[in-house]
Amino acid sequence: MTFEERIHHGIGLARQGDFPGAEAAFLAAEALKPRDPLPRNLLGKVYLASGRETDGVEALVEAVRREPRVDMLFDLVHALHHLHAHADVERVCAHHESQIAGDSRFYPYRGRALMELKQYPGAIELLGRALANDPTNHAHYHNLSMALLKGGQLEESVECFGRLLPDWEGGAGEMTSVERLDAIAAGYDGNDLHNYFSDRMLRLYLEAFPGRRLRRVLELGTGTGLLASKLPASATSVTGIERSPAMLAQSRARKVYDTLVEGSLPQALEPLDGPFDTILASCVLYYFADLRPFFDHAARLLAPDGAFLFSVDALSDPREIAVTKPGEYAHSRAYLRRLAVETGLREVVMDIDRHRGPPGFWCAFRKG
Numbered sequence: 023m024t025f026e027e028r029i030h031h032g033i034g035l036a037r038q039g040d041f042p043g044a045e046a047a048f049l050a051a052e053a054l055k056p057r058d059p060l061p062r063n064l065l066g067k068v069y070l071a072s073g074r075e076t077d078g079v080e081a082l083v084e085a086v087r088r089e090p091r092v093d094m095l096f097d098l099v100h101a102l103h104h105l106h107a108h109a110d111v112e113r114v115c116a117h118h119e120s121q122i123a124g125d126s127r128f129y130p131y132r133g134r135a136l137m138e139l140k141q142y143p144g145a146i147e148l149l150g151r152a153l154a155n156d157p158t159n160h161a162h163y164h165n166l167s168m169a170l171l172k173g174g175q176l177e178e179s180v181e182c183f184g185r186l187l188p189d190w191e192g193g194a195g196e197m198t199s200v201e202r203l204d205a206i207a208a209g210y211d212g213n214d215l216h217n218y219f220s221d222r223m224l225r226l227y228l229e230a231f232p233g234r235r236l237r238r239v240l241e242l243g244t245g246t247g248l249l250a251s252k253l254p255a256s257a258t259s260v261t262g263i264e265r266s267p268a269m270l271a272q273s274r275a276r277k278v279y280d281t282l283v284e285g286s287l288p289q290a291l292e293p294l295d296g297p298f299d300t301i302l303a304s305c306v307l308y309y310f311a312d313l314r315p316f317f318d319h320a321a322r323l324l325a326p327d328g329a330f331l332f333s334v335d336a337l338s339d340p341r342e343i344a345v346t347k348p349g350e351y352a353h354s355r356a357y358l359r360r361l362a363v364e365t366g367l368r369e370v371v372m373d374i375d376r377h378r379g380p381p382g383f384w385c386a387f388r389k390g
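Under our numbering, residues 23 to 390 are what the sequence shown spells out, in order.
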């Protein structure tokens, strides 16, 4: 077989999932042309597809070393991006600046790398270019909104995040399945983002209500009980609601709740009696389009001067509710303020900060 025939044969085997056969074909092609970068590039892709990440990256690097073709540079950058090797992405792009200049394929990957390296001005510039080049790509809005947020351009990040999101048109939305929630329960506490949710909620409370002591607390959507496990000792009574049996089992095992209710929100709030002095919902309410029931129940269940704290995905005014993806929603400050006025709650603070990556509103309201 000729060099070209071996390459073609290997590509066919790789498409069929026969990675050992593809590897053998590309190695045979390389033996015919030892300095040609193509077999080594294709070997890198095969190794990555079969889970051999180190071998894959080494092969892609060697292909570029032999001849830094732009397409092969892109293959290397793409692989490094998916391996979260952000410093290596920037190193490769900077070293081959003249070759990749103007190639829009590199913008989102290099921009994301610069963001992770905390080089926010450069990240914003490149992610903005990626968006201008492909203005219907939701991922570009998502990534640029994160870079704007981290770079301190808070209102701009909110506007960017919601720009392509469609308005919610009413009706019952799709709910995240219990099975999906159960599936993530085992590794939930090991996720840095989940710990951030809890820590950020407690910081919101301390900043919004300095000197106020938690007493009787109601938590909406306990997850594994991570937030409740971090509450101060002054919280003498803690009630939690959760619909995932696996999450609920972990919450129960922590022994930090006085009462745990298995049920779906907001329906599970109906039989509850107050008063509670504080209601917490950390990274929960984005699952719901219509938040009026939560405000109604907060107004009913809170003691006078009670506090209602929650977080949502952010949406710019004057819009009210948008769909981020099936079963997930973003809400505007105008909408939240309207609900507060209608239910007798008073705004204390609405901070723009990281939510699930892009910006969210971290909100504190007070009864009365």
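Any given hint might turn out to be false.
[Stated by the list, open to error] Quick list of simulated restraints, FRET-style, between CB atoms:
no.	residue 1	residue 2	range
1	Asp156	Glu284	42 to 48 Å
2	His30	Gly192	50 to 56 Å
3	Asp156	Pro315	24 to 30 Å
4	Gly39	Ala161	51 to 57 Å
5	His117	Glu284	52 to 58 Å
6	His104	Glu26	27 to 33 Å
7	Ala356	Asp211	18 to 24 Å
8	Ala290	Arg127	46 to 52 Å
9	Arg91	Asp40	22 to 28 Å
[Said to hold, decoys possible] Pairs of lysine-lysine, PhoX-like flavour, derived with a Cα cap of 25 Å:
no.	residue 1	residue 2
10	Lys140	Lys172
11	Lys172	Lys347
12	Lys277	Lys252
Bear in mind the hints are in silico, worked out from the structure with no lab data behind them.
Where a beta carbon is used, it is the ideal one built from N, C-alpha and C, also for glycine.
Here's how the hints hold up against the structure:
no.: 1; hint: Asp156 with Glu284: 42 to 48 Å; verdict: holds (44 Å)
no.: 2; hint: His30 with Gly192: 50 to 56 Å; verdict: holds (54 Å)
no.: 3; hint: Asp156 with Pro315: 24 to 30 Å; verdict: violated (39 Å)
no.: 4; hint: Gly39 with Ala161: 51 to 57 Å; verdict: violated (27 Å)
no.: 5; hint: His117 with Glu284: 52 to 58 Å; verdict: holds (56 Å)
no.: 6; hint: His104 with Glu26: 27 to 33 Å; verdict: holds (29 Å)
no.: 7; hint: Ala356 with Asp211: 18 to 24 Å; verdict: violated (36 Å)
no.: 8; hint: Ala290 with Arg127: 46 to 52 Å; verdict: holds (48 Å)
no.: 9; hint: Arg91 with Asp40: 22 to 28 Å; verdict: holds (26 Å)
no.: 10; hint: Lys140 with Lys172; verdict: holds (8 Å)
no.: 11; hint: Lys172 with Lys347; verdict: holds (23 Å)
no.: 12; hint: Lys277 with Lys252; verdict: holds (12 Å)
In summary, the structure is inconsistent with hints 3, 4, 7 from the numbered list given earlier, while agreeing with the others.
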